[in-house]
Amino acid sequence: MAARAAKAKGPVLPPASAYFIEERHDRTERHTLSVMVDNEPGVLARVIGLFSGRGYNIDSLTVSETEHARHLSRITIVTTGTPAVIEQIKAQLGRMVPVHSVHDLTAEGTPIERELALVKIGNRGSERVEALRLADAFHAEVVDATVDHFVFGLSGTTDKIEQFIAIMAPLGLIEVCRTGIAALSRQGAPA
Amino acid sequence: MEKQMTGAQMVVQALIDQGVEHIFGYPGGAVLPIYDEIIQQDRVEHILVRHEQGAGHAAEGYARSTGKPGVVLVTSGPGATNMVTPLTDALMDSIPLVCFTGQVPTHLIGNDAFQEADTVGITRPATKHNWLVRDVNDLARTIHEAFYVAMHGRPGPVLVDIPKDVQFATGTYIGPGEVRHRSYHPRTKGDPVAIRTAVEMIARAKRPVFYTGGGVVNSGPHAAQLLRELARLTGYPVTSTLMGLGAFPASDPHWLGMLGMHGTFEANNVMHDCDLMVAIGARFDDRITGRVNAFSPGSKKIQIDIDPSSINKNVRVDLGIVGDVGEVLEDLLIVWKAEKPKIDKAALKAWWEQIDRWRARRSLAYRPNRDVIMPQFAIERLFAATRDRDTYITTEVGQHQMWAAQFYRFEEPNRWMTSGGLGTMGYGLPAAVGVQVAHRDSLVIDIAGDASVLMTMQEMSTAVQHDLPIKIFILNNQYMGMVRQWQELLHGNRLSHSYMDSLPDFVKLADAYGCVGIRAEKPGELDDAIAEMIEVKRPVLFDCRVAALANCFPMIPSGKAHNEMLLGEEVTPEEIGAAIGAAGKVLV
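For the protein sequence lines, the chains are P and L, in the order given. Residues in the first sequence are numbered consecutively from 1417, following this note's numbering. Residues in the second sequence are numbered consecutively from 178, following this note's numbering.
Some hints could be false.
[Stated by the list, open to error] Pairwise CB distance ranges, derived in the manner of DEER restraints:
hint : chain 1 : residue 1 : chain 2 : residue 2 : range
1    : P       : A1461     : L       : A725      : 44 to 50 Å
2    : P       : T1496     : L       : P681      : 52 to 58 Å
3    : L       : R493      : P       : G1469     : 42 to 48 Å
[Stated by the list, open to error] Residues from chain L shown here face chain P by an in silico Cβ test under 7 Å; the list is partial:
hint : residue
4    : Y325
5    : V326
6    : T365
7    : P369
8    : R373
9    : S486
10   : H668
None of these hints come from the bench; they were simulated from the model. Here the structure is a predicted model, which means the values were calculated and not measured. In this text, a Cβ means the ideal position worked out from N, Cα and C, and glycines have one as well.
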């Protein structure tokens, strides 16, 4: 059937596209968004699907029902993007059917942000003493201990947790679990 | 109104209470209880399709031509997955659909049961919202909520997944009046301060344009009337996207024709050179803007849209107004009439003179041919034969769709049904079925291509069964014309798999389906054949043999701005290929 498909004539042209493909290098910003949603099945999948489907970043995400009587959950998302992308993310979240409100805590003022980390250390001897001393300095709590390991519990800003983990790294760090950021605005009114 | 009934009875009762007269569907194991209720009543008429995708597109055509939601009923598993394309299509083009899917019984969900699929999971990104109803007492509220969500704000498709045990279970039915949505209350009224600012900006403009889209049609016939009034009061030019055709009459002197990749030379140059662009229910799609950083560089931009996420998404605007197009235009006209702002008549006159120079390039011109039917000519003759009738046009996707948009001149909204955003080949034939169901006595024509029409050809059987005299006007060039055009222009004329070998004999095929087949091969036969098609009160497959290698012009080539259009009469394919070849270096 090749007869119908005319062979190319003349010089062979490179393939092109009718889409304009542009690389953008705008500066990016990190924003913490607080989203109140109906606590219904699939709501988290909707939010995550929005981010993955439209190519937005999720740096951190936490979710839990915060108002039991009204079955409302608060989703806290830390995301990175250009100012235009951040605006678009907020608009896209805001138009979702089960979303009650979207607040950009970063744009509304410096939010209070906390993370909880569990940090497991395995060591003996002087390293063990040093780990315990540093944990004390960071006000980390000893959640569990055996003769050759500790599990420290630590809450604080992301920076503080990063720093603690970095310090523990040479002292027999085994594994880390972090909750992601919980955040509230400083204003009196609810977000 | 609270009543005890089964879940299946609730579905039918809710349809009746929502004023639904027609639904499109296909039965299967997981929806049999609902089908058992459907046959025992005559308030809601069920149209049996031949493939679930057909039901979806038929419902889209129904919705688009009536302004009412289209309703679909299909079974679980493959029934639901076959609906993914029409749901996505409706999402892209903002068409209100309510789709009911059967689901395996709740205790089997997650067990890989027969005909089980994670329907809400699969259709989550394909719908505006969806629900899996696990408790029969939630069913009535969910259905009423589904209709509310489909129709309010930016319209779109929704889906309600109903397990079979919920259809059998008995519970309490509540009516639509008792449902208020917890969270979804989109804004429809525009900000009055912004509207006042818009009036000032519109009055001050020297080179203005109204760039209108499907949002005007979705807002209702009233919005289209307001747009006409605005154009009359200001004397400003109007262009429209593919989706917005008909909202503004093509016979009006202010009409510039469609804009975008295959829009008119005058519309695109107006967009490029204007100093004020008022986007009304249009979303700056990439087929409209061409190269974004060269898009209308010198203009202030106002955008009116019901969806806040449409504003500033692709193109930064100076003034965004969130609201329903009809309500915003109404408020804007009240301010305009109260303030009677002075517009710069001299500047406007100069602007129209410039526009007339662009119009004089006759960008839609094509070389007439005595021996072969030119596709543009076929649509011109079709338009001439049907313009004074009560006509609805649907299309498939491809060259024929663009020629229909260019050469069929619409005067009223809701008369033009096409797949714009998703570009779904196979849309037009089932959409025509849906339109004809809603408008039994009207003339409904699907302007089709030979490749597209084969994708949903089986729905001819639906048309025959339900006595729907749709006319399928196939511009048969024996190619996937638009694919071939792109290969010609963008891929060195290497025609990889864009031909249609072994096409069926459409006239014999029509006969096999029990409808009427007509063929036209010469320009001289066309008018009589079209007249015959219109006169036949049965479904028709019209095989219109057109020039095989015609291309769709004018065209904004890749990576180019609106003022760099190529006109079909003035360039050779080699020149176009070369023009794109250079730009192609920065493209993938």
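Hints, one by one, checked against the model:
no. : hint                          : verdict
1   : P/A1461 to L/A725: 44 to 50 Å : holds (48 Å)
2   : P/T1496 to L/P681: 52 to 58 Å : holds (54 Å)
3   : L/R493 to P/G1469: 42 to 48 Å : violated (23 Å)
4   : Y325                          : violated (10 Å)
5   : V326                          : holds (6 Å)
6   : T365                          : violated (13 Å)
7   : P369                          : violated (21 Å)
8   : R373                          : violated (23 Å)
9   : S486                          : holds (4 Å)
10  : H668                          : holds (5 Å)
Of the numbered hints listed earlier, those contradicted by the structure are 3, 4, 6, 7, 8.
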